[in-house]
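2 protein chains.
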Amino acid sequence: MAESITTALDAMGGDEGVAITLPGAAIAHRRQPDLRFRLYGDETILNPLLEQYPALKATAVVEHCDVAIRMDDKPSQALRRGRYRSSMWQAIEAVKLGKADYAVSAGNTGALMAMAKFCLRTAGAVDRPALAGLWPNLHDESVVLDLGATIGANAQLLFDFAVMGAVMARALTGKPRPRVGLLNIGVEEVKGLEEIRDAGQMLREANLANIDYVGFVEGDDIGKGSVDVVVTEGFTGNIALKTAEGTAMQIAGYLRDAMRQTLRARLGYVLARPAFGRLRAKIDPRRVNGGVFLGLNGIVIKSHGRTDPEGFAAAIELGLTVARDGLVGKIDRELSHYHGSGALVDDGKIAKAGAM
Amino acid sequence: MAESITTALDAMGGDEGVAITLPGAAIAHRRQPDLRFRLYGDETILNPLLEQYPALKATAVVEHCDVAIRMDDKPSQALRRGRYRSSMWQAIEAVKLGKADYAVSAGNTGALMAMAKFCLRTAGAVDRPALAGLWPNLHDESVVLDLGATIGANAQLLFDFAVMGAVMARALTGKPRPRVGLLNIGVEEVKGLEEIRDAGQMLREANLANIDYVGFVEGDDIGKGSVDVVVTEGFTGNIALKTAEGTAMQIAGYLRDAMRQTLRARLGYVLARPAFGRLRAKIDPRRVNGGVFLGLNGIVIKSHGRTDPEGFAAAIELGLTVARDGLVGKIDRELSHYHGSGALVDDGKIAKAGAM
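Residue numbers (numbering that gives the first Met the number 0), protein chains in the order written: chain G, 0 to 355; chain S, 0 to 355.
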């Protein structure tokens, strides 16, 4: 812990920009006093606001950028308008240049993905990156990837996602041999899922020392917490994530309605209010705010765009954890190891999958 | 309503077979006294049990079948073992032969899909079938399809699903011009989603009189109820459905825990118990039990395998509603109309999509 870690913040990113990112950084800094900050954004906005946070100011360097990526910029627009110049780009580039250990942005996901890929490039052994998130379940939390960085995946890529997800799970949960499952549907004989079956076979045959591959899991296994790492390609992962968010909101809405309908229910609600508070804290998306781009030459954390300072602080601390863990190096070493091993290279299936 | 409708029941299907299906049929019959039944299953089990339900017995014909498809039979096994002979097959075949207006089974989904497709074949204008379900949302319910009948879909098939889903939504909700959305992820510029974009363009250009195509929706729009019909291919739809089920279970688990932690919360819970009961009823999967296979030459209803008599009765009544509505004929007419129209046939994109 002696070594100091520096985080590069896209201070302008997110629905409310500096109004969330600066207070968020101040919270994270209070809890993690060793953390150093580089703040990328408009200095005419940042500097006056920073006066309110003297402790943060003392450890922060402000880097002026005159472009801020908008939440509705398309990735191609963002790259055109903001490459080299925007706060989002410069925060990512700070990681590339070794000026920071990781970058955090609450800016728009598509732009962040495009810039992170363009600036940092995928790590040697990785074909395409994944966005991995911590997903709360009945017991604790699991790592779910890909949440939308890469659409479609062949067997090799799903295998790589499994390895990357397991590295992240080890960093965040401390479990030495995380249980890993491939997301699939119950009806296994339907055509079109060859890549998932092949990835399963690869994981079984590779018989990895630090991955407990348990086989296929279904959508309801995510919430049940049947495994520590759930692997899927990005389209399905993103739909699953958003569907779960929608369901949580829906049930919270039902619950509110139910508690308002009668006087008796309202009384019960008042009595049980602290319990409802605990429930709210439990399903609070801020608690596990932040996805990690895996497979790039550097760590980029995606915070939810509509988060608050507490949520943004959680994203900063997520980055701190994986940076301290040396996540990027571990992923590269593990994947290089597997890709270099005979088990993978000699297998005809992988060659086929790779050609997809 | 004068015309009597006959339902063919796979009496052996489901986790508990006749122990659920017969009482379920009795409930449905009590509520829908005009409904006639053909019960497919082992007569040595069915006949004695039927004595307990004299009203149902008076309107039911028992058809003996000596094979029952097991819940863990793979679709190919089920076809091998059970074609022509099993209760599942014969219930479906009764629809084909005009002996029943629709079939209901709580048997295993893969086997039911395989048999329904094999026995009934897809309707003239439809390429592949979809499984459509009613999904509760914050306001009411929406139709979501495909929940797993067909993996992968080109633009033409997604278009067809939109038309079929809208026909079902009109039958079940009475809305003359249901709002239809294509399930997509927010990051639109990522490669690999051409078929969804093309389907969107087709729906916009077709400008259908009885479909209000609203564009892309995301996973959280399902629970929010942003549209009346959510269209996606079967893999994603199945993952979304199961993920939502898992999330609902997870939050119910959190809520239970929260209400047990302190005496005060327990007291509040006791007071609010009727409200919790209403919440439970609201998220009860039995309330909207039953998926409809769309696009076949006949109606087959899939009930959840782990349902209870009330849930099985709901599936029977779902079939009654769509059979009365003349769903199959309407789908065939609408799709034939669209497929026959210049707008679809002359479009290069569709030809391309069709070749996928």
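Misleading hints may appear alongside valid ones.
What the simulated footprint calls covered on chain G by chain S, stretch by stretch (three residues with Cβ under 8 Å from a Cβ of chain S suffice, anywhere in the stretch; the number is not a length) [to be verified]:
| id | stretch |
| --- | --- |
| 1 | 4-13 |
| 2 | 17-29 |
| 3 | 179-185 |
| 4 | 255-262 |
In short, the hints are calculated from the structure, not lab data.
Ideal placement from N, C-alpha and C gives every residue a C-beta, glycine not left out.
Comparing the hints with the structure gives:
1. Using a Cβ-Cβ cut-off of 8 Å, 0 residues of the stretch 4-13 of chain G lie near chain S, which falls short of the minimum of three, so the contact claim is violated.
2. Residue count for the stretch 17-29 of chain G with a Cβ under 8 Å from a Cβ of chain S: 0. That is fewer than the three needed, and the coverage hint is violated.
3. Restraint check on the stretch 179-185 of chain G versus chain S: 3 residues with Cβ-Cβ distances below 8 Å, three needed, restraint holds.
4. With 4 residues bearing a CB less than 8 Å from a CB of chain S, the stretch 255-262 of chain G meets the requirement of three and the coverage assertion stands.
In the structure shown, a violation is registered for the earlier hints numbered 1 and 2, in ascending order.
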